[in-house]
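Undergrad: Each chain is listed here by its residues.
Number of protein chains: 2
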Amino acid sequence: MEGKSVAGRIHDAIHRLTAAEKRAARGLLGSYPTLGLAPVAEFAQQAGASSATVLRFVSALGYKSYPDFQRALREELEERSKSPLQRSSTSDVRADADAQFLDRFVAQAVDNLRGSAALIPASEFEAVCARLAENRGACYLAGGRFTDFLAGYMEAHLRVIRPGVRRLDGRPATRADQMIDVKPGDLAIIFDVRRYDPSLIDVATELAARRAQIVLITDEWMSPVSRFAKLVLPCRTEMGRTWDANGSLFTLAEAVIARTTELSWPTASKRIGSIEA
Amino acid sequence: MEGKSVAGRIHDAIHRLTAAEKRAARGLLGSYPTLGLAPVAEFAQQAGASSATVLRFVSALGYKSYPDFQRALREELEERSKSPLQRSSTSDVRADADAQFLDRFVAQAVDNLRGSAALIPASEFEAVCARLAENRGACYLAGGRFTDFLAGYMEAHLRVIRPGVRRLDGRPATRADQMIDVKPGDLAIIFDVRRYDPSLIDVATELAARRAQIVLITDEWMSPVSRFAKLVLPCRTEMGRTWDANGSLFTLAEAVIARTTELSWPTASKRIGSIEA
DNA sequence: TCAATGCTGAAATCATAAATTCAGAGGGCC
DNA sequence: GGCCCTCTGAATTTATGATTTCAGCATTGA
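Line by line, the protein sequences are chains X and G. So the first sequence is numbered by this note's numbering: it starts at 1245 and just counts up by one. So the second sequence is numbered by this note's numbering: it starts at 1245 and just counts up by one.
These aren't lab readings, by the way, just hints derived from the structure by calculation. Take these hints with a grain of salt, some might be off.
Copies of the same chain look alike in the list, so a pair counts if it fits in one copy or across any two.
Straight-line Cα separation of at most 27 Å, DSS-like style, residue types lysine-lysine; simulated pairs [as the list claims (entries may be wrong)]: (1) K1474 / K1427; (2) K1266 / K1474; (3) K1248 / K1308; (4) K1308 / K1266; (5) K1266 / K1248; (6) K1427 / K1248.
With the hints as constraints, model all of the structure from the sequences given.
TA: Below you can see the structure in the form of structure tokens.
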């Protein structure tokens, strides 16, 4: 009984319901789940019943209060939107599934990419690129255990288009040296995803103390570094139960690079020219 | 203003919001629209802000009360489920092309991902993963100027699931040392994309001479290293005229890692367990 | 037709959530 | 480095919505 969907409970219980309660049930199923998320009075009116009847209906479904019932609806809704493709481990045709591993993986990666684009406000993205294109002060990059390579990739590209790009490596011993030149208004880009790296908190704290502006690129669960960040670009990373993928962060990094290049073309083109030579 | 979606309003207003209000905005976008249907206190807690801040946030979006805001969310939800075919996500056509940069970039990246999946034969992909999961001999990784970070990323993951993983760095001086232990039947994964790195040809030549099996991950124009490769995984990278993106290579690398982990789970899980400890 | 039973919704009560206030913290700017 | 101004969240007040009560009405069976 506990783990059942609200709609499921209605179907189970509908025989036991009285006439007016059935109207409530029909109303809810008719615009599911929205009507149940409205206040009781509105639910009642839309369904052509009284508030009291709606409450009795909800109680008959086994919920101990109206808010409790609404919580169930919200959780159901959340569940649905969280997993766009139900990726259960239940064995389908195994050989077939194996053959399509790459396709399925890519489909999921595509979802993550699109989800990320929806999650990131355009103005936030623009602000990051514009700030990078200003060429004001230094620009530091850092990442965690795996995301450090993203920081490295981005550094390699940014070096081409602007001066003052530096990488902060993870070794505590060298951290003080690296931070020594950080000045107020400098920019720092930090990559951090789940199993958030504790050392990045230290780095961010130190950077914040030195008044650097922190840009955080993270996952949908939001690294604790966000506390120190001026700008945050969150990406979707979820791939099934066990594995998170950083592909969306990587593509976001590339988008930032591409856009920044575009914005700072007048100055960047000169640097690029002289590097080619 | 009246007819705008809540998400749209957030995107419009986000630059005017204060730090804590942005946390609220991100929280809502992160689990949209469910969080907004919860009581203020719950919204606040989930988003890491106070109730007061959430109320200010809602007011900043132009709603005259929290219930008013919730009604808007419900109507939106109702709207979406009513329309027979879910039309493509971001419906509003924005006049400002710049504001669309990220969307356009992501759309292109999605094309590349799908194109890559189409370009790579499933059997080729499976062969690479199966060979990696065998745990036979050593596994070397190398990349070019930018793709070296992909090699690094993959190395970091492969180290977790199998022994004998090494990275070949690009310095000619140390190359001889690194190659000294390469044995026939060892595996080498090389990343190389356009403006192909000449030094990788040398590396590949040397590896081939020592009878290593070379796996090449490259772009659609095919690195010259392919001449020495036993298996080739080509990806689409084209993004308009000036810029190639490596996001598809990155995701391919992640797919290989994920699949290899799956295939070698009996042995890999033990390693993972001991690393966690 | 007349009880008896139990469903229903209007109104009263109670609980909880929304809105407001304000003192203190934090950040930015000379 | 110090001042000022804005932002923030705890505490308080206000409002709204959930719950209960109960009188009346409908339905059913004798």
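Undergrad: The structure should be examined with respect to each hint, and the outcome stated for every one.
TA: Against the structure, the hints:
1. For a Cα distance limit of 27 Å, the shortest separation of K1474 from K1427 inside one copy, 16 Å, qualifies, whereas the shortest one across copies, 51 Å, does not.
2. In this assembly of identical chains, K1266 and K1474 lie within 27 Å of each other by CA distance solely across copies; the values are 10 Å between and 51 Å within a copy.
3. With identical chains, the CA atoms of K1248 and K1308 are at most 27 Å apart within one copy only, with a shortest distance of 15 Å there and 36 Å across copies.
4. With identical chains, the CA atoms of K1308 and K1266 are at most 27 Å apart within one copy only, with a shortest distance of 19 Å there and 35 Å across copies.
5. In this assembly of identical chains, K1266 and K1248 lie within 27 Å of each other by CA distance solely inside one copy; the values are 19 Å within and 35 Å between copies.
6. Taking CA atoms no more than 27 Å apart as the test, K1427 paired with K1248 passes in neither setting, with 56 Å inside one copy and 42 Å between copies.
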